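As a plain string of letters, each chain reads:
2 protein chains.
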Amino acid sequence: MNATVIDTAAIIAVGSELLTPYRADTNSVFLTARLNELAIEVRGKLIVGDDRKRLARGLERSLDDADLVVLTGGLGPTDDDVTRDVLAQVLGMPLVEQREIVEVIQKRFSARGLGMPRINRRQALVPRGAELIPNARGTAPGLWVEWRKQVVVALPGPPRELKPMVDGPVRERLAPLTSGSHLARRVVAVAGSTESHVEERVQPVYARWRQRAQVVKATILAGPGQVELHLSTRVSSMPEAEAALDLAVEELVAVLGCDVYTTVGLPLERVVGDRLRALSWRVALAESCTGGLVASRLTDIPGSSTYFDLGVVTYANAAKTDFLNVPTSLIEVHGAVSEPVALAMASGVAIRAAAEIGVGVTGTAGPTGGTDAKPVGTVCVAVTGAAGERVRTFTFSGDRDVVKRQASQAALDMLRRMLDAHG
Amino acid sequence: MNATVIDTAAIIAVGSELLTPYRADTNSVFLTARLNELAIEVRGKLIVGDDRKRLARGLERSLDDADLVVLTGGLGPTDDDVTRDVLAQVLGMPLVEQREIVEVIQKRFSARGLGMPRINRRQALVPRGAELIPNARGTAPGLWVEWRKQVVVALPGPPRELKPMVDGPVRERLAPLTSGSHLARRVVAVAGSTESHVEERVQPVYARWRQRAQVVKATILAGPGQVELHLSTRVSSMPEAEAALDLAVEELVAVLGCDVYTTVGLPLERVVGDRLRALSWRVALAESCTGGLVASRLTDIPGSSTYFDLGVVTYANAAKTDFLNVPTSLIEVHGAVSEPVALAMASGVAIRAAAEIGVGVTGTAGPTGGTDAKPVGTVCVAVTGAAGERVRTFTFSGDRDVVKRQASQAALDMLRRMLDAHG
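These protein sequence lines are chains L and V, in that order.
If you count by numbering that gives the first Met the number 0, then the first sequence holds residues 0 to 422, one letter each, in order.
If you count by numbering that gives the first Met the number 0, then the second sequence holds residues 0 to 422, one letter each, in order.
Some hints could be false.
Derived lysine-lysine pairs resembling DSS-like cross-links, with alpha carbons at most 25 Å apart [unchecked claim]:
| no. | chain 1 | residue 1 | chain 2 | residue 2 |
| --- | --- | --- | --- | --- |
| 1 | L | K52 | V | K148 |
| 2 | L | K162 | L | K106 |
| 3 | V | K52 | L | K216 |
| 4 | L | K52 | V | K216 |
Going by beta-carbon spacing under 7 Å, a handful of chain V positions derived as facing chain L [to be verified]:
| no. | residue |
| --- | --- |
| 5 | A32 |
| 6 | R159 |
| 7 | L309 |
| 8 | G397 |
Hints in this document: simulated from the structure, not taken from any laboratory.
Predicted model, so just to flag it, every value in this text is computed and none were measured.
For each residue, glycine too, the CB sits at the ideal point set by N, CA and C.
Whole structure, please, built from the sequences with the hints as guidance.
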């Protein structure tokens with residue numbers, strides 16, 4: 000009988016590139032989502048270079064702290080790739096070459112009409128006793144090791160290889176080893192209020208929660224143009240968890256009102272898309288300072304073609320007048336960054352696209368181009384169409400990318416509020 | 000005399016939200032860039048929840064491994080914010096309230112016409128002996144602690160607060176404590192080749208490097224649509240480091256040719272922008288499946304308005320015909336995802352914008368919309384204009400966002416190659 004029960008995990012990302020300014024670990028976010036679905040809580044994340052000693056120490060420490068250790072990266076064919084060696088050393092399992100892996104790798108290369116580079120042979124070395132996790136999209140197989148009452152999983156670093164491995168074979172092996180308790184989460188997100196003021200509004204709600212038997216934990220988080228409340232609760236039955244979280248969310252919405260745009264962690268672009276789809280409306284976008292970011296966010300959502308036909312990025316004034324029929328005189332009198340121009344852009348693009356609703360964004364994202372009256376970060380957003388007309392001027396601070404992000408958030412949020420008011 | 004010399008750093012990001020699927024630590028990437036500029040190498044990154052015990056253990060371990068420990072997050076006003084407490088405990092410095100901080104926070108709130116929430120008072124607790132690092136953009140000051148021969152710095156989590164603190168007071172305090180040696184880095188990035196084949200081409204170069212006195216370290220990295228080679232070297236003089244890296248880069252370019260798009264780590268959108276500016280050309284974009292991502296990337300670069308006037312996101316076929324004069328018959332005969340349509344989009348938008356060069360992208364980003372002949376991930380990219388005409392069909396794999404990213408990379412790279420061929 001196997002007494003291994005997995006409630007907690009540690010994630011170790013391996014790769015010197017992750018300790019440079021050019022790369023960040025993103026796999027652990029995906030892994031966390033999948034582990035949480037199995038009620039496995041992530042206790043910590045560690046990022047180490049291609050360094051045998053530090054990786055060995057990190058692995059030992061992670062084994063002290065969690066039932067499951069997931070390593071990502073360091074399984075490639077090059078000298079830098081130390082994960083196999085360190086696993087063998089720390090777990091006391093010598094490396095042996097598996098001929099079948101060599102054959103699989105050779106086939107992958109020959110399918111693309113290429114020969115197998117000799118260095119790929121290293122990828123066939125496997126700690127004795129480890130099981131292989133097939134990798135359909137790359138040359139490095141993953142490794143599954145049951146060790147004492149714990150599990151160590153090693154996966155390749157490239158997200159497109161790792162993801163299907165996690166969703167398939169890793170999940171299948173993990174599911175029977177979990178305790179059967181459930182970790183339920185909810186994310187309530189708010190636009191248009193500061194972190195401190197959201198916190199003040201929700202404090203009395205938290206106080207009530209502390210009196211209850213079913214503990215709901217909450218964490219507050221501020222991002223560009225939004226504040227998130229992350230709720231979680233751990234219970235033995237999923238309906239019980241859901242009921243506790245439903246009540247908690249209801250109490251938060253009661254104090255936060257329509258500043259709340261989602262209670263289930265959806266991105267704002269998805270919320271807006273769902274509203275548009277429900278109304279069978281289409282939106283058209285005219286962007287200046289956001290440079291296509293609003294369109295790109297909206298089209299990150301699968302199926303967005305049902306409510307989005309046309310976006311125009313009019314960086315030059317001439318493009319605003321030629322394409323969107325913004326009167327030249329309006330730009331001369333009020334300036335390109337002004338509420339009248341934002342409104343004219345919004346209605347201009349809506350007419351061009353024959354869309355029910357139009358959004359116009361004009362501003363200065365910086366770092367240059369600001370004036371005393373309209374400093375860098377000044378952004379005018381207009382929403383016009385079947386549901387009426389709204390326009391606002393914002394003053395954002397931060398770098399160019401942060402201003403772009405905040406402006407895109409403001410545009411999507413104004414659109415949401417107008418759709419809500421109408422719907 | 001102060002004998003503290005800082006060569007190495009560990010970064011600890013604090014916050015339970017960073018252990019959920021909804022957030023990733025991004026501060027450490029910025030911090031790494033700034034520390035590297037001071038020749039401080041990052042040895043590891045750790046991410047822990049709002050958990051006193053684990054943070055204390057992580058801090059102790061990091062102090063064993065690096066000269067400098069930078070903590071981010073956990074300085075807010077709420078109960079979750081444990082960094083101050085843990086610093087006090089691990090370093091043995093009791094917390095004391097500093098009235099001046101209370102006054103600064105009160106002023107920040109009153110400047111916005113608001114009262115100070117009572118909970119913000121916790122932010123005035125400071126470990127005795129710590130110096131304050133002023134925070135111009137938030138209520139939480141940072142902390143600077145010299146401890147034995149090491150330094151611990153605690154900074155607030157929000158990037159817009161942290162960044163100016165690092166670039167100002169933190170940098171000023173760190174600079175005199177570094178050894179005076181230099182860590183120089185170079186990033187050579189390549190488009191249009193696989194990781195293994197780049198590796199094979201560069202292996203003979205690496206072999207030569209191993210014979211040399213001045214050690215150049217290299218790490219290879221594959222991303223969507225690109226492969227990067229990260230080079231670094233540590234020396235006592237900057238000119239010496241630069242010379243060693245210049246030679247190394249030259250040898251890499253000799254084997255990789257025009258697949259190399261940068262030898263100094265610039266993003267592809269910046270490289271393309273520089274080429275356009277040098278030619279005094281303007282580009283116009285017509286995007287379908289990339290949904291504005293190419294425009295958004297191009298406009299992430301300050302000053303992009305000099306070479307970019309107009310981008311159009313034509314998600315619907317009607318928008319392609321109305322706006323870009325793509326003949327309806329072309330779409331009927333070849334399909335919207337086809338080389339002739341990509342070409343017509345590129346030339347259509349270039350004519351509309353009176354730009355020297357036009358780019359057209361059409362494809363299926365998924366998850367639905369694929370056919371047997373044109374599966375999800377099929378993307379046609381065309382570049383047309385003063386320098387000629389090129390069109391290619393790609394088959395990308397991965398999720399919607401990965402396909403979008405790869406397609407935007409392919410479009411920018413085709414544009415780069417055409418500009419290079421011309422320039």
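Evaluated hints:
Between K52 (chain L) and K148 (chain V) the CA atoms are separated by roughly 24 Å; this keeps the pair inside 25 Å, and the hint holds. Distance restraint check for K162 (chain L) and K106 (chain L): the Cα-Cα separation of roughly 22 Å lies within the 25 Å cut-off, and the hinted pair is therefore satisfied. Only pairs whose Cα atoms come within 25 Å are accepted, and K52 (chain V) paired with K216 (chain L) is accepted, the gap being roughly 18 Å. Among the hinted pairs, K52 (chain L) with K216 (chain V) is consistent with the structure: their alpha-carbon atoms are about 18 Å apart, no more than 25 Å.
For A32 (chain V), the interface hint holds, since its Cβ comes within 7 Å of a Cβ in chain L; the closest pair sits about 3 Å apart. This hint holds: R159 (chain V) has a C-beta 5 Å from the nearest C-beta of chain L, less than the 7 Å allowed. The interface hint given for L309 (chain V) is met, as the beta carbon of that residue sits about 4 Å from the closest beta carbon of chain L, less than 7 Å. At a threshold of 7 Å, the smallest CB-CB gap from G397 (chain V) to chain L is about 5 Å, leaving the interface hint in force.
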